[in-house]
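Visitor: Sequence:
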Amino acid sequence: MMRLVKGAYWDQEIKIHQMKGSKDLPVFTSKSFTDLNYLATAAKIAKTKNLRPYFATHNAHTIAAIMELYKGKENKFEFQRIFGMGDLTYRNAIKEYDSFPLTRVYAPVGSKKELLPYLVRRLLENGANSSFVNKYLNKNVPISEVTENPIKVALDSLDKERYLQNVPRPKNIFSDRDNSIGFDFGDMEDLKMLKNEMEKFDSNMFHACSVINGSEISKEDNKVAAPFDPNKIIGNVSFLTDEDIKEISFKESDDWRHSSLDERTKIFKRISDRFEDEKYKFFYLLANEAGKTLKDCDAEVRESIDFINYYSAQAKKIFNDIELESPSGEKNYLRHAPKGTFLCISPWNFPMAIFVGQVSAALLTGNTVIAKPAEDTSLIASEIVKVFHDCGVPKDALHLVVGGKDAGNELTKINALSGVAFTGSTSAAKN
Numbered sequence: 001m002m003r004l005v006k007g008a009y010w011d012q013e014i015k016i017h018q019m020k021g022s023k024d025l026p027v028f029t030s031k032s033f034t035d036l037n038y039l040a041t042a043a044k045i046a047k048t049k050n051l052r053p054y055f056a057t058h059n060a061h062t063i064a065a066i067m068e069l070y071k072g073k074e075n076k077f078e079f080q081r082i083f084g085m086g087d088l089t090y091r092n093a094i095k096e097y098d099s100f101p102l103t104r105v106y107a108p109v110g111s112k113k114e115l116l117p118y119l120v121r122r123l124l125e126n127g128a129n130s131s132f133v134n135k136y137l138n139k140n141v142p143i144s145e146v147t148e149n150p151i152k153v154a155l156d157s158l159d160k161e162r163y164l165q166n167v168p169r170p171k172n173i174f175s176d177r178d179n180s181i182g183f184d185f186g187d188m189e190d191l192k193m194l195k196n197e198m199e200k201f202d203s204n205m206f207h208a209c210s211v212i213n214g215s216e217i218s219k220e221d222n223k224v225a226a227p228f229d230p231n232k233i234i235g236n237v238s239f240l241t242d243e244d245i246k247e248i249s250f251k252e253s254d255d256w257r258h259s260s261l262d263e264r265t266k267i268f269k270r271i272s273d274r275f276e277d278e279k280y281k282f283f284y285l286l287a288n289e290a291g292k293t294l295k296d297c298d299a300e301v302r303e304s305i306d307f308i309n310y311y312s313a314q315a316k317k318i319f320n321d322i323e324l325e326s327p328s329g330e331k332n333y334l335r336h337a338p339k340g341t342f343l344c345i346s347p348w349n350f351p352m353a354i355f356v357g358q359v360s361a362a363l364l365t366g367n368t369v370i371a372k373p374a375e376d377t378s379l380i381a382s383e384i385v386k387v388f389h390d391c392g393v394p395k396d397a398l399h400l401v402v403g404g405k406d407a408g409n410e411l412t413k414i415n416a417l418s419g420v421a422f423t424g425s426t427s428a429a430k431n
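Heads up, the sequence shown is in this note's numbering, so the first residue is 1 and it goes up one at a time.
Among the hints, erroneous ones may be present.
DSS-like mimics (lysine-lysine), calculated; alpha carbons at most 27 angstroms apart, straight line [unchecked claim]:
#, residue 1, residue 2
1, 23, 269
2, 192, 295
3, 6, 152
4, 195, 386
5, 386, 223
6, 339, 251
7, 269, 316
8, 71, 95
9, 413, 246
10, 251, 405
11, 23, 281
12, 295, 232
13, 295, 15
14, 6, 76
15, 395, 269
16, 20, 295
17, 281, 171
18, 251, 386
19, 295, 269
20, 44, 6
21, 76, 47
22, 316, 339
23, 223, 200
24, 20, 266
25, 171, 6
26, 23, 171
27, 195, 171
28, 20, 192
29, 71, 49
30, 269, 317
31, 232, 195
32, 281, 223
33, 339, 246
Cβ-Cβ distance ranges computed for the label pairs, FRET-style [what the hints assert, rightly or not]:
#, residue 1, residue 2, range
34, 149, 269, 46 to 52 angstroms
35, 231, 195, 17 to 23 angstroms
36, 389, 336, 20 to 26 angstroms
37, 171, 121, 25 to 31 angstroms
38, 190, 115, 33 to 39 angstroms
39, 419, 226, 31 to 37 angstroms
40, 337, 409, 28 to 34 angstroms
No lab work stands behind these hints, which were simulated from the structure alone.
Don't be surprised by glycine CBs; every beta carbon is placed ideally from N, CA and C.
Build the full structure now, drawing on both the sequences and the hints.
Guide: Set out below in structure tokens:
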């Protein structure tokens, strides 16, 4: 048995794949192509010998087409409709044909909690302008439009390019920036490729140390093992002590402070592209240092890219100079100025996304940043900072402090700080 449906959960499929950042949409975005594909699939099924199809439809044109496909074989299939829908259509069809197949009527059964979402979905589907039921019951729609050949409608759609414009592709759902690209975990070839790409980093030994005023500061190395396998060593981390931090004088980047907004957003576009290009390295680190599942790795890399793209787009809207109304012969401008130096303290549970979000917001506004990641995910933070520096953020504008659990307390005592961005527990914040 095979049940062929048309358009069920269409809007849900669209939304899910837009949110997932899929390469493309898995369903047709023009109703005419859905109708045409339904008939093409029905024609393929009609050629098989061992399948008994159930055709679920309320479309009179589709019913007529299937009756033509199965002429003389009316006992080899059945139609299905929903209780309360398509009554008149099927009554007229039964009168029209000498031999009409069995028609199964199904009705939803359940409590209000289960039924209400189902009924709302049905209302949305049948209330759509492109719906056959909507057109059929609308007195203002001529019968010629209701019964129009779906092939002709599809060809007209191609000519007008409606199929490209009526629903945005996942990458294009935002008006001011690109959506980040997600990984398709349902594609076996993509999964094999992901496995191969991640295995390339098994031979790497990552190293993290503090980068202060452009110089790396290395102390005694501590081995980093994967949380799921203590025998799998993925790198080394060199921690600063509280005494080391007390002795450091953090410089504020004058060049970064006076850089233009356009210059900074171009740098962050390069950072965003670099994260996309190197996402498998970050998949590897998120899985092997933070213990993330692959789907969580994908979500975190995407969130990091989204943070950068969103903050860059907002910065362009908010931080350009604004000319104020002024007396004749005088010009006054409202100009946003950086505050100074920000300390960004991020947690272990979102070691990439929150780290990138905090640092990006502070840097895009022209501030100098002292970044203090969670000690358990120092390798991830170190690789992120390398990307920032490589893409054009001056080393004296972004300092990395790799320290233990008390390093944050020591850093908050720095008098030169203009602000602190902190994500963590309430008790840690109070301390």
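Visitor: If a hint holds in the structure, say so; if it doesn't, say that too.
Guide: Hints, verified against the model:
1. Our distance criterion of 27 angstroms between C-alpha atoms is met by residue 23 and residue 269, whose separation comes to about 20 angstroms.
2. With a CA separation close to 15 angstroms, the supplied pair residue 192 and residue 295 stays within the 27 angstroms bound.
3. Taking the CA atoms of residue 6 and residue 152, the gap is near 19 angstroms; set against the 27 angstroms cutoff, the hint holds.
4. With a C-alpha separation of about 24 angstroms, the suggested pairing of residue 195 with residue 386 holds against the 27 angstroms cut-off.
5. Among the hinted pairs, residue 386 with residue 223 is consistent with the structure: their alpha-carbon atoms are about 20 angstroms apart, no more than 27 angstroms.
6. Distance hint between residue 339 and residue 251 is fulfilled; the C-alpha atoms sit about 14 angstroms from each other, no more than 27 angstroms.
7. Only pairs whose Cα atoms come within 27 angstroms are accepted, and residue 269 paired with residue 316 is accepted, the gap being roughly 13 angstroms.
8. For the suggested pair residue 71 and residue 95, the alpha carbons sit about 16 angstroms apart, so the restraint of at most 27 angstroms is met.
9. For the hint pairing residue 413 with residue 246, the CA-to-CA distance comes to about 9 angstroms; that is within 27 angstroms, so the pair holds.
10. A C-alpha spacing of about 23 angstroms is found between residue 251 and residue 405, which places the hinted pair at or below 27 angstroms, so the restraint holds.
11. Restraint check for residue 23 and residue 281: satisfied, since their Cα atoms lie roughly 20 angstroms apart, inside the 27 angstroms limit.
12. For the proposed pair residue 295 and residue 232, the alpha carbon gap of about 21 angstroms is at most 27 angstroms, so the pair holds.
13. In summary, the hint linking residue 295 to residue 15 is supported, as the alpha carbons are separated by about 18 angstroms, within the 27 angstroms threshold.
14. For the given pair, residue 6 sits about 20 angstroms from residue 76 by alpha-carbon distance, which is consistent with the 27 angstroms threshold.
15. About 18 angstroms separates the Cα atoms of residue 395 and residue 269, which keeps this hinted pair within 27 angstroms; it holds.
16. Using a Cα cut-off of 27 angstroms, the hinted pair residue 20 and residue 295 holds, with the two alpha carbons roughly 11 angstroms apart.
17. Annotation: proposed proximity of residue 281 to residue 171 holds, straight-line Cα distance about 22 angstroms (limit 27 angstroms).
18. Under the criterion of a C-alpha separation no larger than 27 angstroms, the hint pairing residue 251 with residue 386 is consistent with the structure, at around 19 angstroms.
19. For the hint pairing residue 295 with residue 269, the CA-to-CA distance comes to about 24 angstroms; that is within 27 angstroms, so the pair holds.
20. Annotation: proposed proximity of residue 44 to residue 6 holds, straight-line Cα distance about 16 angstroms (limit 27 angstroms).
21. Of the supplied pair hints, the one linking residue 76 and residue 47 holds, its CA atoms being roughly 12 angstroms apart against a limit of 27 angstroms.
22. Restraint check for residue 316 and residue 339: satisfied, since their Cα atoms lie roughly 18 angstroms apart, inside the 27 angstroms limit.
23. Distance restraint check for residue 223 and residue 200: the Cα-Cα separation of roughly 20 angstroms lies within the 27 angstroms cut-off, and the hinted pair is therefore satisfied.
24. At roughly 26 angstroms between alpha-carbon atoms, residue 20 and residue 266 fall within 27 angstroms of each other, so this suggested pair holds.
25. Taking the CA atoms of residue 171 and residue 6, the gap is near 26 angstroms; set against the 27 angstroms cutoff, the hint holds.
26. Taken as a hint, the residue 23 and residue 171 pair is honoured in the structure, with Cα atoms around 7 angstroms apart against an allowance of 27 angstroms.
27. Among the hinted pairs, residue 195 with residue 171 is consistent with the structure: their alpha-carbon atoms are about 24 angstroms apart, no more than 27 angstroms.
28. A threshold of 27 angstroms between alpha carbons decides the hint, and for residue 20 with residue 192 the separation of about 20 angstroms falls inside it, so the pair holds.
29. For the proposed pair residue 71 and residue 49, the alpha carbon gap of about 15 angstroms is at most 27 angstroms, so the pair holds.
30. Straight-line distance between C-alpha atoms of residue 269 and residue 317 comes to about 16 angstroms, which keeps the hinted pair within the 27 angstroms bound.
31. Between residue 232 and residue 195, the direct Cα distance comes to roughly 17 angstroms. Compliance with the 27 angstroms bound is thereby established for this hinted pair.
32. About 19 angstroms separates the Cα atoms of residue 281 and residue 223, which keeps this hinted pair within 27 angstroms; it holds.
33. Taken as a hint, the residue 339 and residue 246 pair is honoured in the structure, with Cα atoms around 23 angstroms apart against an allowance of 27 angstroms.
34. Checked against the hint of 46 to 52 angstroms, the pair residue 149 and residue 269 passes, with Cβ atoms roughly 47 angstroms apart.
35. Taken as a hint, the range 17 to 23 angstroms holds for the pair residue 231 and residue 195, whose Cβ atoms sit roughly 20 angstroms apart.
36. The hint said 20 to 26 angstroms for the Cβ distance between residue 389 and residue 336, and at roughly 25 angstroms that hint holds.
37. The hinted window of 25 to 31 angstroms between residue 171 and residue 121 holds, with their beta carbons roughly 26 angstroms apart.
38. About 38 angstroms separates the C-beta atoms of residue 190 and residue 115, a value consistent with the hinted range of 33 to 39 angstroms.
39. For residue 419 and residue 226, the hinted distance range of 31 to 37 angstroms is satisfied, since their beta carbons lie about 35 angstroms from each other.
40. Hint check: residue 337 to residue 409, Cβ distance near 29 angstroms, so the stated range 28 to 34 angstroms holds.
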